[in-house]
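J.: Given next are the chains, with one letter for each unit.
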Amino acid sequence: MQKRWLSMTAVLTAIALVAAACGGGGTSGTTSTPSGAAATTAATAVGEVIIASDLPTSGADASSGLPTQNGAAFAIAQTKSYKGITITFKPFDDTVNGVHDPQKGAQNVQQMLSDPKVIAMVGPFNSNVARAEIPIANQGPLAMMSPANTNECLTQTFPYCDPQPAALRPTGKNNYFRIAAPDTVQGPAMADYIIKTLKLTKVAVFSDNETFGKGVADNFVKRLTATGGVLTNRSDFDWKTTNDFKPFINAAKAAGAQAIYAGATSATKACIVRSQMQGILDVPFTGPDGIGDDQCLKDSGSNTANMYFTNAAGDAAQNPDAASIVAAFKQAYPKASDLGAYTFPAYDCAFILVDAIKRAIDAAGGKVPTRQQVIDAVQATSGLKGTVGTYAFDANGDPKSATMAFWASKGTPAVWTFQSQFSVGQ
Amino acid sequence: MVSSVANARTRLLAGSRGKLLNATLFLIIAIAVIILATKVATLGPAYFVQILVYGLANGSIFALIALGYTMVYGIVELINFAHGDVFTLGGFISLWLLPTFGVTEGGSVSGAGLILPLLAILVISMVACAVVNVTIERVAYRPLRHAPRLTPLITAVGMSFVLEGVMYLWRGPFNLHYPNVLPTAGIELGGANGPAIGFKDLAVIAIAIVLMVALSLFVERTKLGKAMRATAQDRDAAQLMGIDINRTIAATFFIGALLAGAGGMIFGLYYNTITFDQGFTAGLVAFTAAVFGGIGNIQGAALGGLVIGMIQSLSDGYFDTAWTQVLIFAILVLVLVFRPTGILGMRVPEK
Amino acid sequence: MMIFRTMRKVWATDPRVDPNPLVYTILTVGAILYPVWAQISTGGQGDFLISVLADAGVYILLAIGLNVVVGFAGLLDLGYAAFFAIGAYTYAFLASDHMVVTPLGEAIHLPFWIVLFIGLFVAAAFGLLLGAPTLRLRGDYLAIVTLGFGEIVPRVFKNLSVWTSGVNGISALDKPVLPLWLQGPWSGDSLEVVQNFKIISPMAFYVIMVLLLGICVVLVNNLRKSRVGRAWMAVREDEVAAAAMGVNTVRIKLLAFAIGAAFSGFAGSFYGAKLSLVSPENFGFTVSITILVMIVLGGMGNIPGVIIGSLLIYWVTFLFLPALPPLANEWATKIGLGGLVPPNGDWPGIGEEMHRLQFLIFGIILVLTMLLRPQGLIPSRVRQQELTRGVTEDQTIEDVNAETTA
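Chains as they are written, first to last, in numbering that gives the first Met the number 0: chain P, 0 to 425; chain S, 0 to 350; chain V, 0 to 405.
The hints are simulated quantities; they were obtained by calculation from the structure and are not laboratory data. One thing to keep in mind: the hints can contain errors.
Unchecked claim - Which bits of chain S does chain V cover? Going by a derived footprint, with three or more residues having C-beta under 8 Å, they are: (1) 125 to 137; (2) 147 to 157; (3) 162 to 174.
Think of the CB as a built atom: it goes at the ideal place given N, C-alpha and C, for glycine as much as any other residue.
Produce the complete structure using the sequences and hints provided.
T.: Structural data, given as structure tokens:
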């Protein structure tokens with residue numbers, strides 16, 4: 000019994016290799032030609048291209064992912080075709096069990112690459128998903144355009160970065176772009192705002208111990224202490240299991256904190272802290288764009304006054320040129336939950352890609368361009384006016400100028416209102 | 000013969016290992032206490048008192064959950080993984096009932112107008128959870144009572160997922176805000192910046208104590224309580240004495256879930272947030288408490304809950320919150336490895 | 000010829016005979032034909048499908064390993080993902096630039112093939128470390144200890160800031176390299192001998208995965224039939240009786256635990272190399288439970304069953320459920336229930352509702368399998384008999400114990 004089994008396996012394994020050899024004939028050179036551009040041109044003679052998206056659109060992450068996807072879908076729906084080449088949208092979801100998952104993201108990119116019609120993607124949303132996706136997309140190569148990634152190490156070289164951006168790009172060429180200001184801008188912006196505008200100096204800081212939250216909190220603390228502020232106490236919560244934030248709040252109270260900075264998002268319980276501050280510590284509550292949504296105001300209960308957040312993108316409503324687009328979007332997506340902090344940044348991402356694809360089609364003489372040609376066209380974008388900014392990219396893929404906006408909630412009614420915005424040159 | 004020799008050897012080994020272990024444990028605890036003392040000294044006594052109050056409140060909630068684990072384990076020797084989710088269910092049901100009874104955050108009712116509806120909601124949620132738990136026992140555990148040990152354990156994990164799935168479908172994956180209806184004011188000790196024992200903290204501790212006292216009276220004094228103790232000790236002998244085993248076991252699940260349901264509502268009122276999957280960790284921590292106090296031992300579970308709650312608050316308040324869970328689970332592993340009978344343990348494991 | 004003879008033999012005899020040879024045959028043929036099918040059905044763009052199956056292979060490896068612990072030796076391990084994490088992190092430490100940013104200051108780049116075995120031994124060592132003091136405990140205490148361990152390990156990786164890059168995880172891990180490789184259509188290139196062949200293409204990963212799985216299946220099957228395997232069964236059925244027969248129960252349980260951990264570490268190294276990233280968030284309790292569901296559904300203790308169970312559950316979790324929301328939207332629109340598609344008040348939309356079913360589906364699979372078919376889809380014959388004839392309703396465990404020890 001055992002012997003027969005063994006020999007059978009051996010024979011079958013040998014057959015497996017031979018059969019795989021025959022079957023594998025159809026693959027094009029993903030191994031030896033990392034530039035792989037040839038793969039796209041050969042297969043797509045008909046005029047159709049797809050812009051994919053990879054965002055967390057189910058589970059707890061859906062509260063930020065779905066509105067973002069809406070923005071991209073809306074932008075692409077506005078340009079149905081160009082010179083006979085149709086442009087369509089294909090969304091992917093990178094959550095597993097309701098939480099964004101790097102492995103799922105990597106599989107999605109693999110799936111995009113296997114479809115020759117996909118020539119660019121919007122996303123991802125989360126920095127750790129980006130880390131898994133960039134190397135795979137880089138070997139495609141496939142242009143990635145993220146509306147929301149803010150981790151500085153994705154594009155810029157700092158001694159503390161692990162891995163360095165170059166390690167994520169095996170081909171040595173860049174394929175990743177983003178329009179949000181990195182955390183090196185967002186955290187410090189709030190530090191400046193607290194010291195200069197709110198005129199406060201002692202701040203207690205907590206984070207959700209996630210890539211984004213911890214990073215932005217670290218950058219906040221760096222600027223705060225460098226400009227005369229004082230860090231009273233800091234906690235990095237295990238947000239999935241922590242429900243009792245009162246020891247942190249009391250430590251802040253004991254140390255005389257005049258404000259709280261939340262390096263977290265509303266999905267990681269940032270605003271539960273606000274709710275538990277009620278009756279213990281009544282000071283301004285500040286945070287990054289992750290707390291700028293409806294969920295946060297709900298979580299805060301009746302304690303919604305005196306809250307501030309920075310948004311790593313401008314407010315489309317402040318841009319008179321974008322008014323008609325905003326109105327059209329609201330007609331197509333009428334619900335309040337359809338619109339989030341990253342809806343219009345995602346709109347702009349898709350808009351930049353469509354613009355680049357058009358130029359690439361022109362450059363290719365009216366034919367479907369290669370993926371590399373799309374990347375080159377994105378890189379060459381200059382002075383393109385979107386709904387929340389004007390875009391051009393540096394060699395790292397960062398925006399040459401980004402907008403940072405401040406929003407606040409005054410309590411009654413519990414809504415976020417725009418305060419001010421400024422432009423960050425890099 | 001063989002087994003008695005083996006036992007003797009195990010006891011011998013346990014003896015020498017025990018001494019070494021006691022020394023190590025003592026050392027670890029001593030170091031922790033010294034570090035804690037220096038931290039307490041720098042942050043002042045007011046903060047320390049405050050943390051202790053939070054620890055007591057935390058611990059009361061854990062104790063309520065731990066009691067259900069310990070009772071069920073005592074009687075059917077099953078780790079009821081779904082118990083943590085029954086606890087969450089208590090929070091969900093009460094959250095759903097609050098507006099029905101006219102209780103809203105910042106609402107106008109207060110005094111008796113607030114307390115009576117809250118008590119009514121508490122009772123309804125407790126009973127609802129108890130009914131659910133008894134149904135689970137009937138449907139998923141009773142048919143497997145004589146199956147190999149792994150089978151009901153895996154079923155319990157499955158039931159936990161079913162309950163989480165139902166709550167997930169019901170209210171979605173987001174944190175739900177639980178109205179902050181209890182007065183936030185409290186007794187201030189030592190001025191505005193001193194510690195404050197909030198009305199909330201007191202309410203949580205008081206309800207927990209009342210429920211626990213009621214439970215121990217029930218188990219000590221009533222006939223059903225006696226039947227439970229008898230069944231836990233020797234099921235077959237109890238059956239021979241004319242005790243209805245099925246009814247006794249169902250009653251145990253019922254009472255355990257009453258306490259867990261109460262815990263769920265108190266949790267919501269105290270922390271103002273609930274999530275569909277909070278029962279997993281809360282249940283695990285409570286189970287740690289039950290093991291810590293000696294599983295099967297009701298007083299042990301209550302004590303264990305308070306100790307674990309205190310440890311959690313001290314760790315959050317004086318050390319690094321990111322390591323708190325690691326600390327608690329490390330305690331769980333260490334207690335099970337070195338003293339599986341717990342600090343007040345009575346039931347000796349088979350091997 | 001071999002295949003035909005086996006198949007004919009299986010079909011010719013009573014269908015109640017061992018289905019394993021048939022399942023092995025189907026699996027092997029399937030493994031061979033799958034890439035062919037993937038490429039043909041997608042017009043030569045099947046890399047994605049092949050890559051997915053290579054990822055699923057990681058889970059099959061994990062399930063085979065957990066099966067040794069749970070299925071063979073009857074020890075419930077609820078923190079199995081911890082060893083998976085240990086294997087993956089071992090690969091990340093030893094095959095990336097990461098160590099440069101740690102106080103060590105020097106990158107370590109060991110070859111994939113060596114780290115695969117280091118990962119295996121490191122995980123096994125942790126298995127021994129955890130198992131040695133805890134395996135004396137009764138079964139459900141062990142479940143809790145492993146559960147606690149499974150909660151501790153990812154958190155430790157998450158909190159050891161500089162050493163593990165904390166929550167960021169470690170990325171840009173080395174790709175496996177073969178010193179000498181006969182390149183051909185199976186790796187997507189023309190036929191030639193290549194030195195330092197870098198494994199990037201999904202097809203190459205797939206071939207390696209299938210080979211590794213083949214080796215592991217043979218190994219585990221041999222183990223099962225060996226003296227050790229029989230001792231595992233004995234301990235699973237009745238520990239006291241096994242001890243009385245001269246089995247060193249603690250040592251034999253420890254061995255099962257360590258071998259299970261070793262498989263997990265092995266799978267972890269492969270996972271790290273393929274994904275080129277490890278992140279502390281991907282080794283939680285859900286992973287441990289998913290693997291447990293795989294073996295429970297497939298048939299605890301029976302390797303072909305476990306493989307089928309893994310493939311099924313992997314398909315449900317990673318492919319079917321994610322694809323369900325758009326499908327549900329489409330169907331709802333088709334049958335005139337378009338109103339269900341968009342979110343409305345408390346209704347999150349039928350797509351999201353479908354996604355939310357996941358927990359419920361997992362739970363129901365576990366409960367129903369245990370209640371209706373505790374032996375799983377393709378049961379091990381020994382276990383099936385034990386479940387159907389071993390213990391009956393009116394006997395208590397004690398009775399059976401008394402019978403067996405008598």
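J.: Mind listing which of the numbered hints don't hold for this structure, in increasing order?
T.: 1
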